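Position chain B relative to chain A; hints supplied.
If you read the sequences in order, they're chains A and B. Residues 10 to 425 (my numbering) make up the first sequence, in order. Residues 10 to 425 (my numbering) make up the second sequence, in order.
Read the hints as simulated data drawn from the structure, not as lab findings. You may find that some hints are simply not true.
The list treats identical chains as interchangeable, and a pair is accepted whether it falls inside one copy or across any two copies.
Pairs of lysine to any residue residues, derived as SDA-like cross-links and limited to a Cα-Cα distance of at most 20 Å, are as follows [said to hold, decoys possible]:
| hint | residue 1 | residue 2 |
| --- | --- | --- |
| 1 | 53 | 324 |
| 2 | 402 | 93 |
| 3 | 346 | 72 |
| 4 | 166 | 191 |
| 5 | 346 | 63 |
Bear in mind that the values here come from a model prediction, so they are computed numbers and not experimental data.
2 protein chains.
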Amino acid sequence: MTSQTETGSDIIANGRSYRRPGKPVVIVCIDGSEPGYIEAAIEKGLAPNLDRLMKTGANTTALCVIPSFTNPNNLSIITGRPPAVHGIAGNFFYDRESGEEVMMNDAKFLRAPTILAELQKAGVKVAMVTAKDKLRTLLGKGLDFASGSAIAFSSEKADKATKDDNGIDDVLNFVGLPLPEVYSADLSEFVFAAGVKILKTFKPDVMYLSTTDYVQHKAGPGAKLADAFYEMFDRYVGELDALGCTLVMTADHGMNDKHLANGEPDVIYLQEILDKKLGAGAARVILPITDPYVAHHGSLGSFATVYADEDKRGPIIDILKGIDGIDVAILADEACKRFELPADRIGDVVTLSSKNKVIGTSPAKHNLSGLTEPLRSHGGLTEQTVPMIANRKIEVPAGRTLRNFDVFDVALNLVR
Amino acid sequence: MTSQTETGSDIIANGRSYRRPGKPVVIVCIDGSEPGYIEAAIEKGLAPNLDRLMKTGANTTALCVIPSFTNPNNLSIITGRPPAVHGIAGNFFYDRESGEEVMMNDAKFLRAPTILAELQKAGVKVAMVTAKDKLRTLLGKGLDFASGSAIAFSSEKADKATKDDNGIDDVLNFVGLPLPEVYSADLSEFVFAAGVKILKTFKPDVMYLSTTDYVQHKAGPGAKLADAFYEMFDRYVGELDALGCTLVMTADHGMNDKHLANGEPDVIYLQEILDKKLGAGAARVILPITDPYVAHHGSLGSFATVYADEDKRGPIIDILKGIDGIDVAILADEACKRFELPADRIGDVVTLSSKNKVIGTSPAKHNLSGLTEPLRSHGGLTEQTVPMIANRKIEVPAGRTLRNFDVFDVALNLVR
Chain A
10 MTSQTETGSD IIANGRSYRR PGKPVVIVCI DGSEPGYIEA AIEKGLAPNL
60 DRLMKTGANT TALCVIPSFT NPNNLSIITG RPPAVHGIAG NFFYDRESGE
110 EVMMNDAKFL RAPTILAELQ KAGVKVAMVT AKDKLRTLLG KGLDFASGSA
160 IAFSSEKADK ATKDDNGIDD VLNFVGLPLP EVYSADLSEF VFAAGVKILK
210 TFKPDVMYLS TTDYVQHKAG PGAKLADAFY EMFDRYVGEL DALGCTLVMT
260 ADHGMNDKHL ANGEPDVIYL QEILDKKLGA GAARVILPIT DPYVAHHGSL
310 GSFATVYADE DKRGPIIDIL KGIDGIDVAI LADEACKRFE LPADRIGDVV
360 TLSSKNKVIG TSPAKHNLSG LTEPLRSHGG LTEQTVPMIA NRKIEVPAGR
410 TLRNFDVFDV ALNLVR
Chain B
10 MTSQTETGSD IIANGRSYRR PGKPVVIVCI DGSEPGYIEA AIEKGLAPNL
60 DRLMKTGANT TALCVIPSFT NPNNLSIITG RPPAVHGIAG NFFYDRESGE
110 EVMMNDAKFL RAPTILAELQ KAGVKVAMVT AKDKLRTLLG KGLDFASGSA
160 IAFSSEKADK ATKDDNGIDD VLNFVGLPLP EVYSADLSEF VFAAGVKILK
210 TFKPDVMYLS TTDYVQHKAG PGAKLADAFY EMFDRYVGEL DALGCTLVMT
260 ADHGMNDKHL ANGEPDVIYL QEILDKKLGA GAARVILPIT DPYVAHHGSL
310 GSFATVYADE DKRGPIIDIL KGIDGIDVAI LADEACKRFE LPADRIGDVV
360 TLSSKNKVIG TSPAKHNLSG LTEPLRSHGG LTEQTVPMIA NRKIEVPAGR
410 TLRNFDVFDV ALNLVR
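Just chain A, same shape as in the assembly (with noise of 0.2 Å):
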């Protein structure tokens, strides 16, 4: 019954059809923005424009990607498809050839075009801004820069943009702020400040945001450091908003509190357990939330996999149904089937944990000295739904649930 109808101005992009845009289009990835966050700032009146547009515009929520992480979602809205299209299932994979743990940050890995560049070649003028530079090179991939029709760039290295690189350069003067600490919400605010500062002046008919979720890593809903941030947050809405676009935000995955009553991380360290039972080296953990900037949440998510010759997987899921706190364990097959990931870049064996609490490998190899608060986190089935917010109507065909990466058909299709 639900079928593409594909009209002559339409763009298609990874089989998913794109209205032309009639005004500008905005759309928002609040980094682990668990839904709680917003109305907790809008109870203490710290955010009117939220509270306005969602009672007049759009307020309902959405389910992400697993694993509940940044690059499989931010790579799924830019793509409108799962990590089974696009190929990026975490940061990481083993690369069983060459015996590797091999990084997907680079552009190679993403096999789907994104929405932006199938939009940009039909003639659309389109921006993106996001606050770390690693997901930038993915996010911005395809785009013609030399065709002025099209920016990219990070907050995170603002003042090394080049216009043959981002499509813009000296950017610290035009959005003029100082370039933020990569551990900072500074590092949000400047994608926001950014963000309408493009949308006065390069005016492009479809914007991406996508922001970092430093603040969501430290303080839950309603406390202090999440309040000033959606308060923040709220006032370059209320800008964004009154310059006329359409507006539809998001996020990327929840988060929760991932600790023990004292303060610690509630880990189960997986590999050290595997390890006893079955014997150091035959099974390898990959923890795909690792990357670069692991202050904030030492490694630990809730989603893992294991990598293992055939004869150990089914010893390996009995294990983990064993372990109090694993909400999933299950094969590659099943995994891929469920979550719609891609085959080649999971390991043997998949498993989830339970709301509080994170998978790790052993407890040497994790770094938690940047955990200067009790550790909150995601990766799990409890951290699979996000808002989805618009400042204008939506009308969703009946049947049908919503995912954060219909975020651009929400906003170019489905707003009323």
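Frame of chain A; chain B shown alone:
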């Protein structure tokens, strides 16, 4: 990009469009069929028909409705829409006016027409068989038995079926099996045996078969009782498939162990906790899993809703968030939005427990004498993934997340 194309002969039910079937369509809801049951039976060679169909047809998963209980999901399947549309959010709700706990078994509580009734009105011949009679009145609502183009009965009361009320009489003789016990695998086998006989003789265009999870509450994937059930099921799958129908199978919800290592149910007695912290009578905990057949689960599931005055709701959520094993604790507004629930059939706070825990009221209120095995139950997010299996290939539009209540859409519109 998704649009409902209404062709001359398509049939609309609750805002969704269904094609008239070219050949007979059989939809099976296997109650409590957590992913893994079928696979375990296949691995032992007990389910050769399912093994074959899952390879040559379609084998994927879908998300069920929360609460992951039988009635909300069966009604979602038969209407094609979530509980917000059809009104059945559980077996019970609390009527604030009368102060009574009201059972939602009666067909008057169903707010949407069934797909079967809409199909019949459009000239399609339909049949429905369900295990327990509590579901029969809801699933069979709106069918016109006088016309001779509909059959609907339950295994439980197969001996009581009449032409006037069920479109068929003398069912025991028709099926050729004795009346099964309510607490038995036979109750579900009777559904399948009846389905095969109906398909051969009554020759409906569309048939819905819905079983009971007696076995799944008692035995996990690969356990003897479970394997025997799926071996039996597989025989009927073979028969149905051989009769040339389009066969699509899903489940109403999954099923997980909900007990401690010693075999005792792992229960959060929430009424007791709230009474202690807020004073007796401040909050009323409703367990919508409660029904007249509680022997196999003792009314213990992973979903509860709490009725309380406005000033108590925040404190209740805070208390819930402090309890180990609570995955979700949210206000009704958020729950209705997130899980698409009907606002007037749900309490003021909605809470879900984690994979291996259930929520009870107080110990004295639960009769656990019927629990002959360590508790297995459902209701939460961890029982949301269910199989979606078809004997033909299916084509799911890009970007769409399947729900179990898409099963009529899958069978009538998405098979190739």
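Okay, the hints, checked on the actual structure:
1. 53 / 324: Cα proximity of residue 53 and residue 324: across copies only (17 Å, versus 51 Å in one copy).
2. 402 / 93: Only across copies: residue 402 and residue 93 sit 19 Å apart there, 31 Å inside one copy, limit 20 Å.
3. 346 / 72: both (16 Å within a copy, 13 Å between copies)
4. 166 / 191: Classified as within; 9 Å inside a copy, 67 Å across copies.
5. 346 / 63: between (34 Å within a copy, 13 Å between copies)
In terms of the numbered hints stated before, the structure departs from none.
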